[in-house]
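Asks: Going by numbering that gives the first Met the number 0, the sequence shown opens with residue 0, and the numbers climb by one from there.
Just so you know, these hints were derived from the structure itself, not from any lab.
One or more hints might be untrue.
What the hints assert, rightly or not - Derived DEER-like restraints, expressed as beta-carbon distance ranges: (1) T113 - A200: 27 to 33 Å; (2) G10 - R260: 50 to 56 Å; (3) G10 - D170: 46 to 52 Å; (4) L290 - E11: 34 to 40 Å; (5) N37 - D317: 26 to 32 Å; (6) R260 - W215: 39 to 45 Å; (7) H58 - R207: 26 to 32 Å; (8) G70 - G263: 26 to 32 Å.
Cβ atoms here follow ideal geometry from the backbone N, Cα and C, with glycine treated the same way.
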Amino acid sequence: MTGDLVVRTLGESEARDVFTSLHDPGAVGGALLGRPYNTLRGGGEHRPEWTWVAERAGHVVARAACWAGTGDERPMVIDWFDFAPGEHDAGVRLLRAMSPKVEYELLLPPGWRTDPSVRAAARARIDAASDAGWTPLVERFRYLWTPECGLPERPGRLAFRPEPDDEVVLDVLRQIEHGTLDAHARQALDAEHVGEGVTAAGIERAAREDLGHLRWMASYGGRKWWRLAYTPDGRTAGVQVPGRTPSGLAVGFIGVVPGQRGNGYAYDLLAECTRQLAAEGATSIAASTDLGNAPMAAAFAKAGYPVVQHRFCMSPPDGRT
């Protein structure tokens with residue numbers, strides 16, 4: 000395309016009108032599958048200073064918006080990125096200009112690869128992000144439970160107890176990191192990788208990142224909901240954390256310690272988590288897991304959680320968010 004390209008953030012007074020002036024090319028952007036674009040002042044969850052546009056001759060040809068919680072001091076993910084036909088390079092330049100650089104989370108419909116038009120639009124975004132330095136990390140199922148799904152049955156095999164001490168929870172998280180199938184945890188483990196095997200530093204980093212996420216959810220309420228699970232003979236089986244986010248209630252964390260894996264306890268933890276949130280009056284419960292985490296995906300299916308979305312996650316150029 001010809002003409003000088005201007006890449007910039009937006010001001011509060013112009014943010015919504017300027018950002019939405021670009022028609023969603025390919026119909027797989029945030030307008031259909033994610034959070035509608037709106038700033039905090041307008042009642043939404045985006046911020047002008049974390050919203051970027053690329054303009055040519057005064058017209059928006061590429062755009063990206065980051066999402067974060069209301070109290071966060073830095074963005075968490077890019078949840079909206081697209082560009083006009085023929086403006087691949089503008090999209091690349093926009094992403095390269097963004098700061099700070101965080102994970103890109105492309106929101107897609109289930110089975111998105113089976114629809115040629117959606118697949119092409121998704122690939123265009125993925126290719127532009129790749130050219131800007133982002134790398135594919137993982138694809139995730141997103142679930143949404145509602146009361147119409149029915150409450151999952153409690154197997155009654157585990158005892159659940161509140162644990163107010165974060166250090167006790169952290170110790171259980173350290174155990175769970177061994178052999179984890181979660182790609183984000185694996186990324187933290189690999190960041191401290193030296194030679195063969197998992198290092199203590201990697202375990203510590205992954206566990207503290209998970210605890211940090213749980214504390215982030217607890218900042219919106221629900222710290223008293225955290226539960227450790229125990230077998231009838233008193234051994235720790237795992238942890239389940241019902242969570243609250245700016246968008247609503249969620250399955251915050253489900254984890255089984257290595258010595259108790261293979262018993263199907265992920266379902267037990269999920270059933271308890273769901274029932275806890277339902278007792279709190281939940282009208283919907285969001286959840287997610289990696290496509291490669293077959294045991295957890297099976298637990299969600301058994302518990303009646305329908306898949307409502309896929310999320311294609313890409314790491315920023317420095318490999319960490």
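Asks: Each of the hints needs a verdict: does it hold here or not?
Replies: Hint by hint, here is what the structure shows:
1. Range check, T113 to A200: Cβ separation about 42 Å, and the 27 to 33 Å hint is violated.
2. Separated by about 52 Å at the C-beta atoms, G10 and R260 satisfy the suggested range of 50 to 56 Å.
3. At roughly 47 Å, the beta carbons of G10 and D170 sit within the given window of 46 to 52 Å.
4. Range check, L290 to E11: Cβ separation about 38 Å, and the 34 to 40 Å hint holds.
5. Against the hinted window of 26 to 32 Å, the Cβ-Cβ separation of N37 and D317 comes to about 29 Å, which satisfies the hint.
6. The hinted window of 39 to 45 Å between R260 and W215 is violated, with their beta carbons roughly 27 Å apart.
7. Against the hinted window of 26 to 32 Å, the Cβ-Cβ separation of H58 and R207 comes to about 45 Å, which falls outside the hint.
8. Under the hint 26 to 32 Å, the C-beta atoms of G70 and G263, about 37 Å apart, miss the expected range.
Against the hints set out earlier in the document, violations occur for numbers 1, 6, 7, 8.
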